[in-house]
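Peer 1: Take a look at the letters that make up each chain.
Number of protein chains: 2
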Amino acid sequence: MALQNGLLAAGDEESPAVLSEPLLRENQQELSLRRSLSNMTSQVAIVGSNLCPIESLDYEIIENDLFKQDWRSRGKTEIFQYIFMKWIFCFLIGLIVSLLGFFNNLAIENIAGLKFVITSNMMLARRFSEAFIVFVSSNLGLTLFASLITALIAPEAAGSGIPEVKAYLNGVDPPAIFSFRTLLVKIVGSISVVSSSLNVGKAGPMVHTGACIGAIMGQGGSKKFRLTWKWLQVFKNDRDRRDLVTCGSAAGIAAAFRAPVGGVLFALEEIASWWRSALLWRAFFTTAVVAIVLRALIDACLRGECGLFGKGGLIMYNVTSANISYHLRDVPPVILLAVIGGILGSIYNHLLNKILQIYNLVNEKGIAYKVILACCISISTSCLLFGLPWIASCRPCPSDTSEPCPTIGRSGNYKKFQCPPGYYNDLASLFFNTNDDAIKNLFSKDTDAEFHHSSMLIFFATCFILSTFSYGIVAPTGLFVPVIVTGAAYGRLVGMYVGFATNLNHGLFAVLGSAALLGGSMRMTVSLCVIILELTDNLLLLPLIMLVLLISKTVGDVFDENIYDLIMNIKGFPYLEAYAEPYMRQLTVGDVVTGPLQIFRGIEKVGNIVHVLKTTGHNGFPVVDEPPLSSSPVLFGLILRAHLVTLLKKKSFLRTPTPLGSDASLQFSADDFAKKGLGHGDQIEDIQLSEEELEMFVDLHPFTNTSPYTVVETMSLAKALILFREVGLRHLLVIPKVSGRVPVVGILTRHDFMQEHILNLHPQLQWSRWRRLRFQLPRLR
Amino acid sequence: MALQNGLLAAGDEESPAVLSEPLLRENQQELSLRRSLSNMTSQVAIVGSNLCPIESLDYEIIENDLFKQDWRSRGKTEIFQYIFMKWIFCFLIGLIVSLLGFFNNLAIENIAGLKFVITSNMMLARRFSEAFIVFVSSNLGLTLFASLITALIAPEAAGSGIPEVKAYLNGVDPPAIFSFRTLLVKIVGSISVVSSSLNVGKAGPMVHTGACIGAIMGQGGSKKFRLTWKWLQVFKNDRDRRDLVTCGSAAGIAAAFRAPVGGVLFALEEIASWWRSALLWRAFFTTAVVAIVLRALIDACLRGECGLFGKGGLIMYNVTSANISYHLRDVPPVILLAVIGGILGSIYNHLLNKILQIYNLVNEKGIAYKVILACCISISTSCLLFGLPWIASCRPCPSDTSEPCPTIGRSGNYKKFQCPPGYYNDLASLFFNTNDDAIKNLFSKDTDAEFHHSSMLIFFATCFILSTFSYGIVAPTGLFVPVIVTGAAYGRLVGMYVGFATNLNHGLFAVLGSAALLGGSMRMTVSLCVIILELTDNLLLLPLIMLVLLISKTVGDVFDENIYDLIMNIKGFPYLEAYAEPYMRQLTVGDVVTGPLQIFRGIEKVGNIVHVLKTTGHNGFPVVDEPPLSSSPVLFGLILRAHLVTLLKKKSFLRTPTPLGSDASLQFSADDFAKKGLGHGDQIEDIQLSEEELEMFVDLHPFTNTSPYTVVETMSLAKALILFREVGLRHLLVIPKVSGRVPVVGILTRHDFMQEHILNLHPQLQWSRWRRLRFQLPRLR
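Protein chains in written order, with the UniProt record's numbering: chain A, 1 to 781; chain B, 1 to 781.
Please note that the accuracy of each hint is not assured.
Copies of one chain are not kept apart here, so a pair can be met inside one copy or by any two copies together.
Below, in silico cross-link-like pairs of lysine to aspartate or glutamate (EDC-like), each with a Cα-Cα straight-line distance of 20 Å or less [stated by the list, open to error]:
(1) K86 to E581
(2) K737 to D238
(3) K651 to E695
(4) K86 to D557
(5) K650 to D240
(6) K649 to E692
(7) K354 to E561
(8) K737 to E691
(9) K737 to E713
(10) K365 to D240
(11) K614 to E626
(12) K614 to E695
(13) K605 to E626
(14) K651 to D240
(15) K86 to E756
(16) K649 to D238
(17) K737 to E756
(18) K354 to E695
Derived from the structure by calculation, the hints contain no laboratory data.
Produce the complete structure using the sequences and hints provided.
Peer 2: And the structure:
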């Protein structure tokens, strides 16, 4: 329930104000019932109803006379330019995201690397307390910087950003998530916070970064920062912008994990709500650009031009054991690993959910509290990372290893830490390292004897707890890498305890453990599978990884939702699921339509329009022609708030209620009605009208979408949802079964399909056995 | 235009018969215009209009009172059983398909292997003419067998089957493509025809096989072959069956190429028209089963229990060169390869298209002609395969090869053929081998000097021509493997001519060449990319393969459509594209609705129903309540032909036109209205009614879908198409803008969206610049 304040700040709540001359519904009794229900709804602060002011987006083709004219007037060159620009944009997104991803990695590796080199050198000189102070204070400084810029400049940049992108692509429009400000804070903050040894990832922020770049391109640069170019401004509709955002997020994953195919699949499976084959192709193109650019940059790095960040390139954990062979007897331990992984994943989700709710209470109190929270987490993380390795006893270096032991520099499997020469500290090898290096250590083969199982247990428990506590701080934090590293530790643990029964090495167990925890927490299948394959570069693992992912996802689904859905719930986004819940078959569309319906006449008084726009938060209004314009009331179409505001702004009013005729197109260009950049739309409050003007009329006909999608009021809600969701609508008009005096009985928006809204209107469904089709095992919460 | 006969045989054409008491449209003039247009349409034999009798399928939720009752009465156990069965079915599909795929490979390798061993031994003994006779006659025998069973038992099994599956999943229902008969012929025929050294593949037939297994499971076994089990019969709707077919085709690709992720993506990108994330997961599960079973079976084979088929397992071309490194200077040759590959791919499509049209003329003449055609192709293929190697000069064996040279057995890179000891014939190494072995040879590294470029040129040209000529014969033939082998030869050729400029080896060029030709012909991106990666087991190639696929697909798209769409065009399937053509924005729904509308009243005379059903081919009819049942004519809903037939069959008629009330559910169970197995529906012709019964009435209300999707007649066709396609409809009712005396003005089916139909109604659009948005470079055809 928390984070809603940020969203609600953008607008007003739904008030039951009525038009001065409304076309009231015939059945007054029913209306009053509805109204009281609606009031009740707003009192209990249901997410669905209160969020109306968030602008939602649609894929619908807008059809009014002006747009049709515009489309007809486009020449072949313009269409060619349009298509060409789409590809250029995808290319640019790929290029920029890969450069950013590379820069990100470079910066993190070098900042964190410098920190570890300095502290390691101090440790070598046995100046332990000095090393501790440097370690804690540098981490604290980095975290403080990240949380300060996030809290002060762009609070939207906090967290991974994947839930926001997912909600945006579903049609919700959280304010400012794609602003240039957010982008900058996301990049700088992510580098800073990941370098500060917090247990957070950089993949999620990369996805958000990619999506930002896509969105900023789609809206033609950023006006505020004067980054606007004429040639950027060709995409004036939601659909193209959403496509670019999708491509951007695919590029983000591709750049973060060097997994181009995995990136496309991640965007397809997890992020996007609508998908077309043309989009698949364009996303593929974008990630191909990423793959090729990264490849070239890594080539440059391999020649040693990248500072501390050099060999191995980005994240790429080679676990190539030339011939991994596994047989039937290796399968039971793997199944066990997957089942427990699924349970752990859902416990992880559950914990994270609870902690985020608690954090929200803290964060609501103000910026200072947010920053202090982040600092506390940083200090305790630093203490744990520096303190826990002291528990582990020093282990003698193996004689047959190819690597130097103990490692003096920052990378390597055998960290010296406090140990005497010839010995290494296995816990320090994991803790006193970047997450990427820890994963590399855990995934590497021929290291079965390197770690003591008590060390691994400590590492696993610490990672598990730290990653749940670190995500919610006010800084750009990702979830992927922490889950991977925790899962790898978990997998090694399983390998240590049941490994005797198999001939899989512990590195493989670590990979499978990561897969199990990812599957149990994020509940993806194909995309995770491909991402892990691309990370580990070993296709022979495929059948085992598929098995693990299937089992852990199934087990996890028994208990709760995937992590991104949980976070979206907390943030209060009205996310529209693709499937209809069973109880929706029991309800008709008429059962959920609420509130007094605001209808405009074809030629409407300016005062009425202003009044309705000011007193309601609706974004679409039915337009009805009444006698004398037609013989009986006829539904003419649907007009959008944004278009009404544009109309009022232009002030081309009529003194008498007579049709405007065809000269509308002379006064307006399609540009006026084009989709504005996010948050750049005009507000009704900004428009000043004189008393005289308020008494005048305006002809809505040329600006009305004349063929909105409609459903009959007796249609089941499930069927209406399918239409709404599949076609990607924003408004769905409900028409009466029997054509009476009113040609439209209601208007459905995404909020009407929200479970909270429906269960509030029909509380008897709360305990109905129709509520869920999912396995109904007892829930943990 | 050919193959239509098979489809039209199933039903009658659309005749302009009118109801005895029709609710005629108000505008009689318009109606007669429409009717004449409709007649014209049927005279010129438009694909769209004539194919009405093909039953089409829909994803729509059918809502009539009976179904609602049924859904309500389902208990938790039944729902659990339903979900459980879905997974069990997927498991079974995976299991059966992987066993079949393995068996297929085993059979082919052993039959073809035996043939090559015998002929090779004869060649060793220099009994060349004897070897030739054995080779030709064994090939001829195998081809003859395959074409005979195909032509006589199941003509639907001819070809790859992918276009049919694709059309089915789009909503077209070509008769008998999923019968048990087709399945058997497909499996046996595919083994036989691939063993016969024809240049055809086994991947396409595997996809069809998988789809068949899915479909047969979905309809609860095969009645004809008495393979029905009670527990199989839980899925009585199109949606579940289609899901199983999708999973089956994914399993098919997974089994054919040992590419589980590629299989899922192939089903997603190329085959399926609708996709849900639940389906993604289930398809992934299915292919995971395939991957695991295949892995276990190959383990058994590696222990040498599979005859001639042993090491290497199924198709898996390892091109692992431990460290492939490529740099910027390697990119231009690769781009060149991709561009030419795209052009070659579209030439391939063009040629195949033309040849299939010619073959159809031959095939129409009768079974004998079909079989003779197949035999001719077989004999000429055998002659080429045996004859062409004689052109090549013998090459001395390299001294530094790890393989035995010349190879005496059947596998290996260096075939002896007619050469003296110590020499090998490079053309024979390619021709005198199974396609799989040829691909393995071409993909292998360190073999740059093995082939002479003239040999490669001959091989490429022969493969290119043979594969276009072989596909159309009356036998189960695939396209994938021929394109891969042709592309590999093409890639090696490019490597030979421009390889000096790069440090990529020729094996890599072969892989990239295959990718280029596949991309140029099949126009897939992600799925091909993943399939090639899984085939070659080398992720380092990824950026190059992505680059090649992108370029070759783009180049190919300039010239023509992808190969499966071309084949669907030839077969006359009314495939519904996901995107709206630009001219559709210029037309309204009212512009394309044709033919007299057949409307039933809520309580209709039996005679009228029988008459309409017998004289039209429509599958859905609007039901309208008129006075005295309502105050004005009201659209009550839509009733399906199948449900009407069921009603008539039950003969529960009324003597007077009075409402039936609630006892309908006593006489009928939801089972009666459940979706029948393919082609098992009752026909109106089978129902005998007496004169007296024809004069009675039937109450249609309880059996009518009371909330069909509707659009207003002024909606643009593009918008209606989006609704129709996204929601997966079969019928879309068109309602009038102004509520007049008739509450419905027409009914849209998929045929109304077909380009041929629309361009016939509005010939002026033929040359309109709005026809295509694709690049309009001059076309080859």
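Peer 1: Next step is simple, just say for each hint if it's right about the structure.
Peer 2: For each hint, the structure was consulted:
1. K86 to E581: between (37 Å within a copy, 18 Å between copies)
2. K737 to D238: neither (33 Å within a copy, 28 Å between copies)
3. K651 to E695: within (12 Å within a copy, 65 Å between copies)
4. K86 to D557: Intra 38 Å, inter 17 Å, cutoff 20 Å: inter-copy only.
5. K650 to D240: neither (27 Å within a copy, 53 Å between copies)
6. K649 to E692: For K649 and E692, only the intra-copy Cα distance (15 Å) is at most 20 Å; the inter-copy one is 71 Å.
7. K354 to E561: within (14 Å within a copy, 53 Å between copies)
8. K737 to E691: Neither way: K737 and E691 sit 41 Å apart in one copy and 36 Å across, limit 20 Å.
9. K737 to E713: both (6 Å within a copy, 17 Å between copies)
10. K365 to D240: neither (39 Å within a copy, 51 Å between copies)
11. K614 to E626: Neither: 24 Å inside a chain and 44 Å across chains, both beyond 20 Å.
12. K614 to E695: Result: close within a single copy only, 16 Å intra versus 62 Å inter.
13. K605 to E626: Within one copy only: 14 Å inside a chain, 39 Å across chains, cut-off 20 Å.
14. K651 to D240: Answer is neither: 30 Å inside a copy and 55 Å across each miss the 20 Å cutoff.
15. K86 to E756: neither (39 Å within a copy, 30 Å between copies)
16. K649 to D238: neither (22 Å within a copy, 52 Å between copies)
17. K737 to E756: neither (27 Å within a copy, 35 Å between copies)
18. K354 to E695: So K354 and E695 fail the 20 Å test inside a copy (54 Å) and across (70 Å) alike.
When the structure is compared with the earlier hints, violations turn up for hints 2, 5, 8, 10, 11, 14, 15, 16, 17 and 18 and for no others.
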